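A.B. asks: So the sequences go chain by chain: Z and A.
Note that the first sequence covers residues 0 to 256 in numbering that gives the first Met the number 0.
Note that the second sequence covers residues 0 to 273 in numbering that gives the first Met the number 0.
Since the hints were made in silico from the structure, they are not lab data.
Errors might be hidden in some of the hints.
Said to hold, decoys possible - In silico DSSO-like pairs for lysine-lysine, Cα to Cα no more than 27 Å straight-line:
#1 105(A) / 241(A)
#2 243(A) / 151(A)
#3 151(A) / 71(Z)
#4 241(A) / 151(A)
#5 241(A) / 74(A)
#6 255(Z) / 151(A)
Claimed, not checked - If we take Cβ atoms under 7 Å as the criterion, some of the chain A residues that face chain Z in the derived model are:
#7 129
#8 137
#9 175
Remember, it's a predicted structure, so these values are computed and weren't measured experimentally.
Here a beta-carbon is modelled for each residue, glycine too, at the ideal position from N, C-alpha and C.
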Amino acid sequence: MSLPSMQPLGYDQSYSFHTPTSKASGEYTQHRFNPYTDNGGTIIGITGEDFVVLAGDTRHTSGYNINSRTEKKVYRLGEDNSLVLATVGFGADSKDVAETMMRAVNDFKFNHNLKNMTVSAAAQYLSTVLYGNRFFPKYANCILAGLDKDGKARLYSYDSVGSYSKEGESRASAGSASSLIVPFLDNQVEFKNQFVPSSKGQEERPVVPLDPVTVVKLVKDAFTSATERHIEVGDGLQIITVTKDGVSEEIIDLKKD
Amino acid sequence: MNHFPEAWGRPRNDVYGAYDASHLQSSMPNQHTQSPIVTGTSVVALKFNGGVVIAADNLASYGSLARFTDIERLKQVGTHTVVGAGGDISDMQYLHEKLLDPLIIKEEYQNDGHHLRASHIYRYLSRVLYQRRCKFNPLWNTLLVAGWDEGKSFLASADLLGTTFAAPALATGFGAHLAVPLLRRVCPDEAAVENITREQAIAAVEECMKVLFYRDARSLNKYSLAIITGEGVESVGEGAAKEKVTIEWKKDVELQNQSWKFAEGIRGYGAQVV
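Take the sequences, apply the hints, and build the full model.
C.D. replies: Shown next, in the form of structure tokens:
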């Protein structure tokens, strides 16, 4: 028996994940429960030499609706360590992955004489968690960051089934507007397509580590631009900065339209 | 005497015929819910200075049939919380009767002076919903949890996928389209909550219920409204300042001051010739 859905006509919660209803064998159209949706939003991570910045917008969407303007996407994995995790994609899976990581980091501490998990260990563990759900993936795109035991900034980014690079990255972006932001970061963090002016385009501009002020400026620019061009990005911007002196959080406004 | 113990205590085959075991296993595989059957429409809620107001109409629809017109979709859970449900009514009743009621009874039997507050109920419900979606057997609901928690008003949403979010003005179903914009005009952000009085919040929610009845074909002009107000934070022990939470109910409220003047301007439906 097929009953009309409770939703009004044309209402499709998963509009950016639209899958056409497939015909099952036989003449009936089969309606299936879709366990995924996309809740929009974007995250960015940029490292300096001895600090790292993770940021995410605070808009939470379902299709064209804004559910909330104040849902944070960047989580600290404990009060007394430098680990920060940003997740984006399907909101429920994202929060579940973040909670799994918080619990794992906490358990590790009490199982290892109050020693905190290192950032590389947390990075490998996150990969294992995501790959553990390989056959029913957590639709969460993650960026994990922190300072290693030498005080050097580390940043890892993952796909939804746990692929990551052990060497880490200098910058990363994920979520709905990542395709708008990645080329901007390529140019502004890695100095891609920049040349020494006197060399007439022959000599690439040498890459130098950025300072925290510049990085926060880049993050703000990236998000104000993404807000202009992507409907799922906006409302607020949560910026978490990790330095050897501790972790600080800043929340600034983005356009709400 | 039958010497096979497994046959003892059973009706004798030679007298009653062979036991018909067909009803012991179903002829079909287990079915999970793929769509809701009897459904409730929007739930609307708004925070104000010192509390939350939440409303939902009394209709349970069977497709487009207005099947039951006396269904209560708001329910008090414990001492601090009201849960409002849209979506499948039987799943809502399962949540209350099989999960929340026993949970509250168990917690109250501890008799330790603590009560489950709104955030605890919300956390529990959202984990249940997420767990069920992970088993591909969802509880087909969108829930609003309203209440008083740690000296502040609490309002958050959870749905059949386990998606969770909080905002000072929330509505489910059709209300997400029609009511949320009206409520956000009154309360654009968390900072605005302290400037909203109880009366303003009730008026805004009542207005939303009216607009929803005008335009949502699965709604009813009779609804329930709960107003949760609180003071202070929970504290247990000698001489501790007391927390005070009151939940006031307005049931079977009829929509007031409806205006159907706009209907005269609508063309293309019904019996008019031109």
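A.B. asks: Hint by hint, say whether it matches the structure.
C.D. replies: Going through the hints against the structure:
no., hint, verdict
1, 105(A) / 241(A), "23 Å, holds"
2, 243(A) / 151(A), "12 Å, holds"
3, 151(A) / 71(Z), "19 Å, holds"
4, 241(A) / 151(A), "14 Å, holds"
5, 241(A) / 74(A), "25 Å, holds"
6, 255(Z) / 151(A), "25 Å, holds"
7, 129, "5 Å, holds"
8, 137, "6 Å, holds"
9, 175, "5 Å, holds"
The structure meets every hint from the earlier list without exception.
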